[in-house]
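J.: One-letter residues, chain by chain:
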Amino acid sequence: MITPEHEQAAEGFNAGEVIIGHVSNTAHDQAIIHLPTLFGIDFSITKHVLMIWLMAAFVFITVTWAVRKRLKNDTLVPTGFGNALEAVVQYIRDAIVLPNVGPKYLQVWTPLILTFFFFIVSCNAMGLIPLFDILGVLDRFLFHTEHHSMLNHIIHGGTTATGNYNVTAGLAVVTFFAIIIAGSRAHGFLGHWKNLVPHGLAWWVYIILIPIEIVAMFVKPFALTMRLAANMTGGHVAILVILSFVFIFTGLFHSALAGIGVGALVSVPLAVGISALEIIVVLVQAYVFTLLSAVFIGMAINVHH
Amino acid sequence: MKPDPNTLGDSFRFLQKIVREAGPAASASYTLLAAVLLLGGIGYVLDRHYETAPVLLLIGILLGLVVGFYELAKTIFRKP
Chain A
1 MITPEHEQAA EGFNAGEVII GHVSNTAHDQ AIIHLPTLFG IDFSITKHVL
51 MIWLMAAFVF ITVTWAVRKR LKNDTLVPTG FGNALEAVVQ YIRDAIVLPN
101 VGPKYLQVWT PLILTFFFFI VSCNAMGLIP LFDILGVLDR FLFHTEHHSM
151 LNHIIHGGTT ATGNYNVTAG LAVVTFFAII IAGSRAHGFL GHWKNLVPHG
201 LAWWVYIILI PIEIVAMFVK PFALTMRLAA NMTGGHVAIL VILSFVFIFT
251 GLFHSALAGI GVGALVSVPL AVGISALEII VVLVQAYVFT LLSAVFIGMA
301 INVHH
Chain B
1001 MKPDPNTLGD SFRFLQKIVR EAGPAASASY TLLAAVLLLG GIGYVLDRHY
1051 ETAPVLLLIG ILLGLVVGFY ELAKTIFRKP
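Sequences listed follow chains A and B, in order. So the first sequence is numbered by our numbering: it starts at 1 and just counts up by one. So the second sequence is numbered by our numbering: it starts at 1001 and just counts up by one.
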């Protein structure tokens, strides 16, 4: 039943604030577990930190379980989940790592690229599974915990850890060092740095080229950082904006019926469509991150000028 | 009508080939964009700090273009 209080609540609806609250990390004063600040870094465990740990544990447990199950059976053909896993692993090895990195260092860099792919794809996908929203509904109608309970803090904040620039920057830092290590392993430490610029040019060209190459070295991981986080946040923001039309129209026309009409005719069908797109985005963004990491590592190993 | 398994397999292999060859192109385009964003952003922050707007922002964007296009050129003129 829609009461005047509901309509009043809709009028005070601030779409921007609600959307930011749903996609961003929890504020530091609302952290799930408070930890002291060391060296100017707040070590408190927020929602995104929790999500990283959960997804890392999830990937570790499921992949280990599938591989162990496969090793225990003597058959050559894996079944069920193991089969699907093997298909993905083989695809990434043969279609992403092999053409970019080359056969010599294939076994060295495939594990890193695979780890990237599975971690990013599960972090991205977690953002589409409304696990914490269901928990929120249960809390609202069943548990009735108080406002500052731990459960309440776990419910709030975005669930897509890869939508946080700090998380993707962390992943890109791994790529940054992987590029340097790959180049150093293939050409020696000094050889890698010499390979950054083409050989045999006039001396004044190097004055221009060396700074450009140094900047380019940092730009590549930056591209990875921004692309992944922006894409993951963007889709969620689009869905939330479309769904908040319901509340905006309710407030605008002072009638819950207007909100329900807009919701049924426009918002929900559109949101469903964008959610379907998001499923593709989840896979494509994880794929692009791994592909670009493989390309960058390959560029450090197979140097052509 | 059931799709011919050979056609499906061929299409998938073709898709794989295209995706594989698109890797360097994707990296060059993202590098171009990120270079402008990163250096422009650094310019913007320095502008706010030293109150020299918009000189450093413009220099940053220009430098970003130079770096981005250099990387693009490197990808294009790369020997296969």
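It should be emphasised that the hints constitute simulated quantities derived from the structure, not laboratory data. Please note: incorrect hints may appear among the correct ones.
[Stated by the list, open to error] Mimicking BS3-like on lysine-lysine, the simulated pairs with C-alpha atoms at most 30 Å apart in a straight line are: (1) A/Lys194 x A/Lys104; (2) A/Lys72 x B/Lys1074; (3) B/Lys1074 x A/Lys69; (4) B/Lys1017 x B/Lys1074; (5) B/Lys1017 x A/Lys72.
J.: With a cut-off of 30 Å on the C-alpha distance, tell me whether B/Lys1074 and A/Lys69 pass.
T.: The hint is violated at about 46 Å.
J.: Is it true that the CA of A/Lys72 sits at most 30 Å from the CA of B/Lys1074?
T.: violated, 49 Å
J.: When you check the alpha-carbon spacing of A/Lys194 and A/Lys104, does it fall within 30 Å?
T.: holds, 21 Å
J.: Starting from B/Lys1017, check that the Cα of B/Lys1074 is at most 30 Å away, please.
T.: holds, 22 Å
J.: Holds or violated: are the alpha carbons of B/Lys1017 and A/Lys72 at most 30 Å from each other?
T.: The hint is violated at about 35 Å.
Hints 2, 3 and 5 from the earlier list are contradicted by this structure; the remaining hints agree with it.
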